[in-house]
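> The residues making up each chain are set out below.
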Amino acid sequence: SAADGAGNSKGAEVARETKLPAKKECRELLAKMALIRRFEEEAGRQYQKAKAGGFLHLAVGEEATIVGTTDAMEERDYLVGTYRTHGHAIARGTDPKKVMAELFGRVDGTSGGRGGSMHIFDLEKRFMGGYGIVGGNLPLAAGFALSSDYRATDEVTVCMFGDGASNTGNFGETMNLAALWSLPVVFLVENNLYGMGTSIERHSAVTELSRKAEGYGVPGERVDGMDVLAVRECVAEHLRTAREDRNPTLIEAFTYRFRGHSAADPEVYREKSEVEEWQGKDPIEAFAKRCIGEGKLTEDDIETIRNQADEIVTEAVAFADASPEPPLESLYDHLYVGSETLPGWYAVDERTPDSHPGEEERDATKRAHELAEKGAAYGGQEVQPAVIDDGEEEETEGPW
Amino acid sequence: SAADGAGNSKGAEVARETKLPAKKECRELLAKMALIRRFEEEAGRQYQKAKAGGFLHLAVGEEATIVGTTDAMEERDYLVGTYRTHGHAIARGTDPKKVMAELFGRVDGTSGGRGGSMHIFDLEKRFMGGYGIVGGNLPLAAGFALSSDYRATDEVTVCMFGDGASNTGNFGETMNLAALWSLPVVFLVENNLYGMGTSIERHSAVTELSRKAEGYGVPGERVDGMDVLAVRECVAEHLRTAREDRNPTLIEAFTYRFRGHSAADPEVYREKSEVEEWQGKDPIEAFAKRCIGEGKLTEDDIETIRNQADEIVTEAVAFADASPEPPLESLYDHLYVGSETLPGWYAVDERTPDSHPGEEERDATKRAHELAEKGAAYGGQEVQPAVIDDGEEEETEGPW
Amino acid sequence: MAVVRMREALNQAMREEMERDENVLVMGEDVAVFQGAFKVTEGLLEEFGERRVRDTPISENTIVGVGVGAAMTGLRPIVELMTVNFSLLALDQIVNHAAAIPYMFGGAVRVPMVVRMPGGGGHQLGPTHSHSLEALFLQIPGLLVACPSTPADGKALLKTAIRDDNPVIFIEHETLYGARGEISDNGDRELLPFGKAAIRREGSDVTIIGVLKMAHEAERAATELANEHGVEAEVIDPRTLRPLDLETILASVRKTNHVVVVEEGWPHGGVGANLAALIQDQAFDYLDAPVKRVTGADVPMPYSKRLEQAAIPHPEHIVSAALATLEGARA
Amino acid sequence: MAVVRMREALNQAMREEMERDENVLVMGEDVAVFQGAFKVTEGLLEEFGERRVRDTPISENTIVGVGVGAAMTGLRPIVELMTVNFSLLALDQIVNHAAAIPYMFGGAVRVPMVVRMPGGGGHQLGPTHSHSLEALFLQIPGLLVACPSTPADGKALLKTAIRDDNPVIFIEHETLYGARGEISDNGDRELLPFGKAAIRREGSDVTIIGVLKMAHEAERAATELANEHGVEAEVIDPRTLRPLDLETILASVRKTNHVVVVEEGWPHGGVGANLAALIQDQAFDYLDAPVKRVTGADVPMPYSKRLEQAAIPHPEHIVSAALATLEGARA
Ligand SMILES: Cc1ncc(C[n+]2csc(CCOP(=O)(O)OP(=O)(O)O)c2C)c(N)n1
Ligand SMILES: Cc1ncc(C[n+]2csc(CCOP(=O)(O)OP(=O)(O)O)c2C)c(N)n1
Ligand SMILES: [Mg+2]
Ligand SMILES: [Mg+2]
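Protein chains in written order, with this note's numbering: chain P, 440 to 839; chain S, 440 to 839; chain B, 453 to 783; chain W, 453 to 783.
Do not take every clue at face value.
[What the hints assert, rightly or not] To be clear about the criterion: a stretch of chain P counts as covered by chain W if any three or more of its residues have a C-beta under 8 Å from a C-beta of chain W, and this derived list gives those stretches:
(1) 585 to 592
(2) 600 to 614
(3) 676 to 684
(4) 710 to 722
(5) 766 to 777
Bear in mind the hints are in silico, worked out from the structure with no lab data behind them.
Note that CB positions come from ideal geometry on N, CA and C, so glycine has one too.
Work out the full structure, taking the sequences as your base and the hints as a guide.
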């Protein structure tokens with residue numbers, strides 16, 4: 440069982456002696472983790488209310504890995520992740536309002552409502568997405584790093600992916616290329632012990648993922664992904680290796696998702712006891728305790744941080760709710776750059792009896808409009824939801 | 440330069456103390472290698488005469504790796520290789536006549552003239568192909584091994600591929616799966632130091648390929664691929680590991696192709712001196728010398744072996760020449776199993792004005808036939824051959 | 453007769469064929485312990501064990517390739533790709549290996565395998581998770597392509613696919629797994645040969661051809677056409693795209709002289725384009741109006757529910773297209 | 453004016469654009485030291501060095517993905533896939549990433565990259581190495597698709613592709629690399645916008661549309677039609693399939709009332725199917741006969757020269773199809 444895998448995370452090689460930083464930093468780290476936790480819990484609730492659709496992958500429990508990583512990064516560095524990256528974007532500085540709006544599929548969302556929960560993106564914050572294809576972000580990361588190198592900058596790319604993604608062909612191909620070309624990239628596998636419902640022992644022949652890329656020339660290290668300071672320190676070291684020595688490395692961060700794979704997965708594949716064991720290592724709870732214990736923060740500080748997180752998330756929901764739905768006329772927008780000016784036929788809309796270039800949808804016939812409206816009106820209620828996104832989201836609301 | 444890579448092959452870890460087997464075995468091993476050498480040289484000549492078309496990838500120089508491997512295998516074992524496998528099929532026992540006929544694109548070829556040089560196949564000898572897609576044979580090998588395991592047999596699959604193939608996504612995916620499922624398969628990388636025109640240092644971050652799959656749970660070992668006995672012994676050990684311990688392993692055999700990547704590659708990517716250095720290690724020459732030196736074979740034996748090889752290859756050419764071209768009526772044969780009996784439309788032929796099910800090509804209209812004949816008559820002479828298959832084949836005919 | 457959901461029907465087909473033939477096995481991501489991402493393989497692990505129901509790593513190209521290799525050596529694997537979207541990672545094994553091998557090796561070996569995968573939109577899964585790739589697979593010689601729209605067809609076609617000696621691409625629709633339908637209980641007598649289209653509704657005015665979920669939308673449109681417009685539509689579900697039952701379609705066209713093809717996929721080179729090309733070629737003199745196509749919008753599927761629904765064909769679009777062909781309307 | 457081979461024309465386009473824009477780089481298997489499998493990148497390594505001309509490992513999906521990532525962050529990569537056959541290993545990065553990203557992220561980022569690759573048959577490369585996949589790529593919204601048939605078009609379209617901010621699939625033909633053609637020397641004034649078809653020959657009796665190598669076969673057929681049968685064919689080379697210059701094609705059809713589409717790819721859902729569907733829809737009343745298609749045979753390409761040549765369209769097939777449409781012949 441993956442409990443053994445969990446056991447590893449207590450292994451000696453993972454533990455790190457860390458010192459608490461200054462009060463202000465402690466507050467910031469805790470606040471970021473608390474904000475992500477609150478955001479994810481609220482996203483789950485909004486999903487239950489059908490305000491958000493599609494798949495919803497929550498990172499509850501993985502906050503220390505996320506925040507420890509982003510806190511070690513420079514603004515000019517690139518971060519790229521998976522379909523479980525609301526928190527990653529927020530940690531990089533993306534406004535939670537825009538992330539929530541994306542979950543709601545609204546125009547003010549990070550992708551204008553086109554990408555959804557799995558495809559969050561914020562170029563300004565150098566959060567490069569948000570990708571639904573497992574392992575699809577690894578080659579992209581190598582591409583960002585190649586670009587940084589090519590442009591003679593000292594930017595570094597951090598690529599985060601799951602334990603399951605380490606089995607994709609992209610993993611080996613990208614590791615080899617990154618090492619071969621000495622690309623400034625840090626790979627970080629968020630090892631939460633499961634790829635969907637398949638435990639790491641059932642999907643990876645070698646469960647010590649930090650060693651999985653050695654054969655490609657990418658050395659690795661394990662870190663306790665539930666300890667925000669350990670992660671931050673570890674990532675900082677690897678960033679230096681990438682930035683100065685131009686060597687790619689792989690970090691294996693042990694973490695755990697407290698929720699199901701996506702909004703309500705029945706979780707037949709793991710024991711309640713295992714989940715509880717990990718909940719006992721709640722990264723936010725643990726860090727808060729330590730901050731108080733070592734006198735860096737007071738109960739009042741904690742209370743304030745909690746309230747601030749609540750406020751921000753409440754505002755985010757209000758903002759998302761108020762943001763308009765994308766207009767139907769925008770259906771073909773951004774399909775092509777310059778499709779308005781370039782000659783020729785960029786898209787065809789055969790859904791209406793009047794065949795016409797799709798970009799003319801904007802000023803299409805009245806009938807086309809009526810039909811679009813009729814279509815858009817469908818709630819898809821006739822649709823039988825797939826098992827992975829029906830069922831009840833279990834409300835395991837903690838103090839965080 | 441790849442000369443360093445070549446250097447590796449002289450490294451201590453590669454050398455193996457071997458004892459010459461009995462006279463009869465020595466003769467057999469030498470005869471097989473000599474036959475392959477002769478066959479490849481003749482294939483090159485026939486290609487120059489345009490008797491064979493397409494790409495022609497010769498294994499001249501790699502005979503010891505091929506024969507050492509097949510000689511260690513049981514009849515019930517499966518072998519799968521790449522697009523450079525005339526010799527592999529012959530070593531498994533496929534009649535050279537049928538291999539040559541396939542190169543000629545004739546009905547008596549191993550694939551009835553449909554596959555060509557890159558797609559040799561012989562189910563009876565359990566030579567499972569012959570694949571043009573680099574790395575494409577690795578998942579298939581895992582499939583054969585799964586099947587052997589599933590059917591509770593003790594068959595083992597040997598999967599041979601090139602150093603360049605170790606960079607494909609299939610490599611990592613398949614290694615992980617084979618180790619995860621404990622499949623009875625031996626992977627053997629024919630490390631000839633180049634993937635087409637790219638030297639191993641330029642395509643693989645880690646050049647010690649025997650270690651490339653460690654991160655996936657597949658341990659490896661290096662062997663001198665120019666020493667037929669060393670290869671045979673090494674493969675025998677790994678076959679045992681697969682058959683008895685059900686553990687997949689990876690063998691890295693150092694070898695070298697004396698000819699270009701395919702019939703007339705200008706070889707701008709390597710030094711003549713490097714080629715000559717390796718030709719100095721001719722696996723056939725070396726083994727013959729040793730057999731004579733240790734009194735296992737006489738000069739006469741060698742002469743006989745040479746002549747026998749000549750004879751077999753000459754007969755193969757005559758056979759291939761005499762074999763008929765596939766009839767045009769067979770164009771759609773074997774596209775589907777049971778397409779004659781199953782209802783419905785399996786293939787359409789839109790090349791003639793009379794649209795009709797392809798399987799009816801056999802009794803298609805007169806016009807369709809005339810057209811097919813006209814089409815078939817095209818020698819493709821108007822075609823400008825791609826650089827990789829034009830130019831002059833350099834005739835480096837050795838004593839072998 | 454019993455009423456079951458599509459996912460149960462497909463589950464029955466696999467269970468029955470696995471009981472019937474020891475060489476049938478199921479492989480795929482989360483098909484065993486998790487019971488299948490869409491629960492189609494529910495209970496199979498418990499009944500047949502780890503040897504025959506295998507969870508795989510996330511390695512699409514290799515999973516399919518392992519299936520091909522196993523099929524070449526005596527097994528009859530059913531490979532489940534979690535969705536069609538991920539089949540784009542496995543196309544090399546599907547096209548250059550599964551489809552090519554029997555022909556390439558002169559018929560010396562067969563590849564009796566089934567690649568099952570669901571596709572389509574409607575769940576707001578966005579641009580990477582909503583493809584309809586029927587039109588891509590029907591291009592490939594060497595493959596058979598099935599796309600069932602009812603539980604009865606799903607079960608019967610899947611059983612046929614498992615017993616067929618050719619590689620079969622079996623495309624399901626994510627939004628149809630919960631759809632209920634009648635199904636006969638006497639398993640083996642319910643095999644459905646490939647290449648036989650179903651006439652869902654008879655009519656003499658216009659032929660509407662719909663694939664997968666669109667076969668249902670076509671029926672809804674036909675009802676509306678009859679009730680509101682006095683138009684009798686003949687609704688045809690091809691059920692398999694390779695082989696294609698063009699005869700049944702042409703016979704209908706010769707009767708109605710008007711055609712609408714409905715699909716969820718992209719318009720360029722889609723299922724409708726293929727059918728339109730074939731119909732205009734072989735029933736030219738019978739057509740009173742151009743073959744009309746109703747397709748998904750020519751965009752990666754947007755996440756926004758409003759945009760997604762606007763990008764997917766609905767009965768209104770079909771009704772409108774049918775009326776247009778009857779008017780002989782032209783752009 | 454100078455006469456150059458296709459491979460030289462493409463080489464010039466890359467060289468000129470690399471000189472013009474520091475952010476243009478070339479990556480691919482054997483593009484540097486080996487000078488390109490088909491020698492299209494000859495001399496580029498020497499002129500631009502290792503930084504801008506990069507040999508890659510055999511990792512198709514990753515090579516394309518690296519290009520996408522680089523394009524998203526300021527570079528303009530030209531990725532060469534050794535042949536289209538291997539693009540089946542890279543379709544996930546091409547479809548789910550390159551094509552989807554600009555739309556999926558609401559236009560916040562662009563993917564200005566070109567994926568160059570040659571395809572087609574004629575060299576006896578057999579079932580895994582002879583694909584024509586134009587029809588597969590034209591299905592994908594978000595991609596632009598070019599398929600030049602002459603050195604002049606090759607150079608001009610490639611320069612345009614490199615400067616375009618959209619991901620471009622640039623399909624070349626293996627048997628055309630040696631084809632010679634006139635080309636103007638004043639580089640920059642020779643940009644060719646996408647979406648403009650070329651009328652290779654004017655005629656009033658039948659419109660023949662040919663893609664890549666088939667554009668040449670169409671011209672040969674037209675000559676034979678004129679000399680032997682007194683038929684004046686108008687020959688059109690679409691040059692790009694996305695965007696598609698349907699206007700030029702429709703204008704011709706309105707004049708000739710007869711159409712033949714020629715392609716080397718497979719018949720089901722092919723380029724011809726797409727064009728036939730669009731033409732019959734938008735020029736229905738102008739068609740005196742069905743749109744005829746001349747395509748490659750519906751099989752993986754056989755190795756045997758005789759079978760291969762029988763599977764590839766030749767002028768005779770086109771002439772015969774043209775005469776058939778003029779007779780209004782039907783199957
Ligand atoms: C290529 C591909 N295959 C399958 C899927 C379906 N899928 C989505 S998430 C997932 C599990 C991924 O596990 P892991 O990489 O460990 O990430 P985690 O969800 O645990 O963070 C799978 C199989 C996918 N999205 N992409
Ligand atoms: C997937 C794929 N990419 C590219 C090619 C073109 N190609 C054919 S052989 C070759 C080099 C392979 O080198 P290696 O694996 O070392 O085998 P070797 O030829 O040296 O035996 C390449 C790139 C191919 N056939 N398949
Ligand atoms: Mg995981
Ligand atoms: Mg090699």
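> Now tell me, hint by hint, if it's right for this structure.
To see whether the hints hold, each was checked on the structure:
| no. | hint | result |
| --- | --- | --- |
| 1 | 585 to 592 | holds (count 5) |
| 2 | 600 to 614 | holds (count 4) |
| 3 | 676 to 684 | violated (count 0) |
| 4 | 710 to 722 | violated (count 0) |
| 5 | 766 to 777 | holds (count 6) |
The structure fails hints 3, 4 (numbered hints given earlier, in ascending order).
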